[in-house]
Amino acid sequence: MATTCTCDRRDLLRRGLAAGAGASLPFLLPRVAFAAPGEEAGRDTLVCVFLRGGMDGLSAVVPHGDAAYHDARARTRVRDDQVLDIDGYFGLHPALAPLQPLWDDGLVGAVHAAGSPDPTRSHFDAMDYMERGTPGDTSRPDGWLARHLLRSAGATPFEAIGVARSLPMSLRGYAPALAIASLEEFHLDAPDGDLDAVSEALAAIYGEPDDALSAEAARTFATVAELAERVPTTDRRGAEYPRGDLGDGLRQVASLVHADVGLQVACVDMGGWDLHESMGDASDGRMAGLLTELGSALAAFAQDLGDRLGDVTLVTMSEFGRRVRENGSGGTDHGHGNVMLLLGGGVRGGAVHGTWPGLSPDALDRGDLAITTDYRDVLGEVLARRRAEDDLSEVFPGHTPTSVEVVSSRVG
Amino acid sequence: MALTRRALLGGAGAGAAALLAYQRLPLAPAPAPSVAERLPGGGQPTGPRTDDDALHAARRLSYGATPSLHAEIAALGVDAWLDRQLDPASIEEDPQLLSMLDQLDTLDLSPTDLRELFSDQEQRRRIPQQLIAATVLRRIGSRRQLNELMVEFWSDHFSVFLGDGPVVFLKTIEDREVIRPHALGRFDDLLVADAQSPAMLVYLDNALSKGDDPNENYARELLELHTVGVTGGYDEDDIAAVARVLSGWSLDRATATFAFRPFLHADGPQEVMDWSTDGRGGQQDGEDLLRHLAHHPATATHLARKLARRFVSDHPSDELVASTAEVFLASDTAIAPTLRHLLTTDEFRESSGVKFRRPMELVTGAFRALGTTLPIEDLGRGRSQAFRQFVQRVEALGHLPFSWPAPNGFPDVAGAWLNTGALLSRWNAVQALVGAGRRPLGPVDVTDVFGDARSAGAAIDAAVSQLLMTELTSTERDAVLAYLGVGANDAFPADDRTARQTIALLLNSRHFQFR
Chain A
1 MATTCTCDRR DLLRRGLAAG AGASLPFLLP RVAFAAPGEE AGRDTLVCVF LRGGMDGLSA
61 VVPHGDAAYH DARARTRVRD DQVLDIDGYF GLHPALAPLQ PLWDDGLVGA VHAAGSPDPT
121 RSHFDAMDYM ERGTPGDTSR PDGWLARHLL RSAGATPFEA IGVARSLPMS LRGYAPALAI
181 ASLEEFHLDA PDGDLDAVSE ALAAIYGEPD DALSAEAART FATVAELAER VPTTDRRGAE
241 YPRGDLGDGL RQVASLVHAD VGLQVACVDM GGWDLHESMG DASDGRMAGL LTELGSALAA
301 FAQDLGDRLG DVTLVTMSEF GRRVRENGSG GTDHGHGNVM LLLGGGVRGG AVHGTWPGLS
361 PDALDRGDLA ITTDYRDVLG EVLARRRAED DLSEVFPGHT PTSVEVVSSR VG
Chain B
1 MALTRRALLG GAGAGAAALL AYQRLPLAPA PAPSVAERLP GGGQPTGPRT DDDALHAARR
61 LSYGATPSLH AEIAALGVDA WLDRQLDPAS IEEDPQLLSM LDQLDTLDLS PTDLRELFSD
121 QEQRRRIPQQ LIAATVLRRI GSRRQLNELM VEFWSDHFSV FLGDGPVVFL KTIEDREVIR
181 PHALGRFDDL LVADAQSPAM LVYLDNALSK GDDPNENYAR ELLELHTVGV TGGYDEDDIA
241 AVARVLSGWS LDRATATFAF RPFLHADGPQ EVMDWSTDGR GGQQDGEDLL RHLAHHPATA
301 THLARKLARR FVSDHPSDEL VASTAEVFLA SDTAIAPTLR HLLTTDEFRE SSGVKFRRPM
361 ELVTGAFRAL GTTLPIEDLG RGRSQAFRQF VQRVEALGHL PFSWPAPNGF PDVAGAWLNT
421 GALLSRWNAV QALVGAGRRP LGPVDVTDVF GDARSAGAAI DAAVSQLLMT ELTSTERDAV
481 LAYLGVGAND AFPADDRTAR QTIALLLNSR HFQFR
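Protein sequence lines correspond, in order, to chains A and B.
Sequential numbering from 1 applies to the first sequence in this note's numbering.
Sequential numbering from 1 applies to the second sequence in this note's numbering.
If you're looking for bench data, these hints aren't it; they were derived computationally from the structure.
Here are the simulated SDA-like cross-link-like pairs (lysine to any residue), alpha carbons at most 20 Å apart as the crow flies:
1. 306/B / 138/A
2. 306/B / 358/B
3. 306/B / 332/B
4. 210/B / 74/A
5. 306/B / 124/A
6. 210/B / 277/A
7. 306/B / 319/B
8. 306/B / 125/A
9. 210/B / 325/A
10. 210/B / 75/A
11. 210/B / 330/A
12. 210/B / 72/A
13. 306/B / 318/B
14. 210/B / 263/B
15. 210/B / 328/A
16. 306/B / 336/B
A short list of chain B residues far from chain A (calculated; beta carbon distances all over 12 Å):
17. 51
18. 67
19. 100
20. 124
21. 287
22. 372
Covered stretches of chain A (chain B as the covering partner; in silico rule of three or more C-beta atoms under 8 Å from a C-beta of chain B):
23. 210 to 217
24. 331 to 337
Note that beta-carbon positions come from the ideal geometry of N, C-alpha and C, so glycine has one too.
Generate the whole structure from the sequences, applying the supplied hints.
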């Protein structure tokens, strides 16, 4: 196939227009003409951290002023002399100490007794519902972030990314969303002298037919080129991320924010929360270890972002909380209500938001913390106030929004 | 008494206020492209279709079609070949595979010997290394390909995560004594054996469950994942009852074997969906419940759908699922007749080109196409560099056997495996495996692939017929010729590097991404 362009091969590849394949890949063109830095201002970058497995919100933001908590958690509780007290009633787990300065500065806040109203205690259903944004309903094929992105600004190469090997459900249905596990390793593995020729050949091979596989191939070439050109991934601005998926993921998100590539939404996962046994106590054990990783990763992310934290809102979620009463194996079974943490310049931090239902037997939902704040209200408020979303009924169909007042409106 | 509190509104502190000053100037966002502009074309990815039933069977019912497997199926006829595969004991195993497995000395260790090896910090890694190596070697080299596919199917169905403490050595026992013996046997036997498998007892915590204070982890996944499925008609009370019925199903830690502990078992009447017990049967109550669940119609439907998804398409028809479930129930949960039904339907026969290979299927397919296998030199002593590189590669693909971190097993639909990052990882895995990348994975002999072809066109065609067993489109063929920088009738530049990269391009083409 002839090409009329006389520019050099490497240049063509950068544009995803490998010789011989250009005519087959016209949809790449808008993707490389991305916004100048600043053009995407007016919307925060939203970072969604999914704590997979069912995070125990009662261990993270501890209702230590409630006697029922201490009764239900004889082996695994955070004692009054260990908790990082917030307001005499709630306190942070001591392993979240890295978040204390951010909490005190009002950059980190929490919403307690939040979650998805669907009663399921299945990991897989609960995650699926939560990420679709339609609890109890799987009739729509797309995720809540995909629906929001379809309605918001676009045409930047790194508009939406799941730092993962598979695209999270919340982003499915939004074609430009990328799943990339490692920005540093996102390049074709061929010897330097042969890289262009191999890339060209592959691009041509995937030039037809027009199906999902060809589209992903084209997107891959465009993304490789943009990454190499635009995103330095070395400067961490002194931040020390913990080892693990969350630290790795947030470090890469920070690189994209600093690179001004138009990042709108990023999803990062942290697993390991399904502690049916051997949670340990406040000073030692698996729960303390997970919370240490969570707290230090968020703190490192804030440090890495520096003044760019004003353009970012991070929110954590988990498919459900854990049962109030610990089980006989020193762990907790699947529960319901949970805590959501928020980090960012627009967060009304330093406080536990929401309506606390209490832990008395009649206040529980099948033995679990009741839900008084629908998680969609937290996410919806972030979208409306920080990302200029003006019709939440498109993002969360069938849900009537209620304000939580956990973020302030973005100025500009 | 419920304490109601609402935190102060507008509590953003001085830090946040200071940050707001750094916000960039607001500009109007760019107009949003239309939905159509943002959707990739075509929906489901499509691979090579074929009307040749033997070729379709060779691709779908093995870890990678080869010309010799295709010839074997064509000679026997698909149905006769299938019957042989469904009776794996009738197939003599490949002697080269057996001699390689012989080098893996931890596979046959007794539970107590495995436990002792596990306690040795220096040596313990040999156990998972050898289990993973044996699994990959068998997928590549076994003549009992359908049996290996079912071993994988059940390993996913009863997924345990090797990273969970002692599971790392208990899985060797489960693979050997639970999954493999029952892979084409009866599901009710398999279910009971798995419920008593130390790996499962530890992974889903039933070993710790106490009758007066049960741990629900296994009970929930037993219903949701292993038997009736999430829409199977149970509720939270049923889960709690299952946990009580199976309390006391535990583990003798000294011998690393199943043990029923009466003092941990909850006696008393229990009801689980349409099943009940007076609670005096002890261990037998649990076995009765498991067998009841194995024969439950909802279990039949759940398993039939998963089997159809594995072997036919990501979205099998309801009719195919229903007819397969019927055979499963009518044959007392026997797996072979269920599979025979599924794999002799028109829906199976007409399903070529629709299943996107999962990453390990791509990798094993490449080994098989090249007529080679995983290098395991020195693996017996836990020192194989080549194997370590292989594991890193497959981990990057997210598909290392027994490494899915949740109890639902690796996903089995294209959408879970086809995305930007995954595609690049696949290409790079093949680049490395064939020795075309910057860090080759190990010696792979590529000399046979091109036959004695002299011209570039003939060399490409020879490689395509051996590796892909299809024909390239003219665009694809021209792309390979353009890479070689020659015309079809010019001499094939047969230097080693060019030969390897030519093979990598073919294995990285669309045709090799499907099974």
